[in-house]
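Each number in the numbering used here comes from the position in the sequence shown (counting from 1) with 5 added on.
One should not assume that every hint holds.
[What the hints assert, rightly or not] Label-pair ranges, simulated between beta-carbon atoms:
hint, residue 1, residue 2, range
1, Arg116, Phe89, 27 to 33 Å
2, Phe89, Pro117, 18 to 24 Å
3, Phe32, Ile68, 35 to 41 Å
4, Leu115, Asn37, 18 to 24 Å
5, Leu13, Gly64, 19 to 25 Å
6, Ile68, Ile91, 33 to 39 Å
7, Val36, Leu75, 29 to 35 Å
Treat the hints as calculated values from the structure; they're not laboratory data.
Bear in mind the structure is a predicted one, so any value in this text is a computation, not a measurement.
Just so you know, even glycine gets a beta-carbon here, dropped at the ideal spot from N, CA and C.
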Amino acid sequence: MIATVNSLAALSAMLNPDRIATAMGQFLVGVNGYSQFYAVYVGVRLATAGLALLAARRGDQPILGDLAALFILAQPLGRFIASFAIGLPQGLLFVVSGIEVLAGLALLLLRPREKRLPS
């Protein structure tokens with residue numbers, strides 16, 4: 006599910022970058038503005054989707070799920086840090102932040118327990 010959501014978010018950003026940027030409170034200017042937008046909203050989202058898919062397929066390596074959770078939780082953490090200087094996100098971005106927190110925590114809570122050999 007996380008892989009699908011991140012893939013769809015990346016696709017949406019590729020198909021209509023100006024609309025997505027506006028919804029996220031950004032205004033894209035020039036080649037560098039669009040390049041940076043694609044780096045974050047397409048590149049990082051696709052990397053997160055790939056990592057989540059790999060984690061789902063490789064259940065014997067729970068560290069992959071932990072890394073996917075870290076990628077997901079890093080975004081609302083960055084917004085939380087920014088809130089001390091500029092305030093909390095508003096509107097849709099506030100909702101997105103809440104969903105990211107829930108998804109990241111769900112991944113950590115659903116982490117497979119390590120099987121220990123009896124001593």
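Hints versus structure:
Checked against the given bound of 27 to 33 Å, the beta carbons of arginine 116 and phenylalanine 89, roughly 30 Å apart, stay inside it. The given range of 18 to 24 Å is broken by phenylalanine 89 and proline 117, whose C-beta atoms sit roughly 36 Å from each other. Distance hint for phenylalanine 32 and isoleucine 68: a CB-CB separation of about 38 Å, consistent with the stated range 35 to 41 Å. At roughly 39 Å, the beta carbons of leucine 115 and asparagine 37 sit outside the given window of 18 to 24 Å.
Remark: the range hint 19 to 25 Å for leucine 13 to glycine 64 is upheld by a beta-carbon distance near 24 Å. Between isoleucine 68 and isoleucine 91 the beta carbon distance is about 34 Å. The supplied range of 33 to 39 Å therefore holds. At about 31 Å, the beta-carbon gap between valine 36 and leucine 75 stays in the expected band of 29 to 35 Å.
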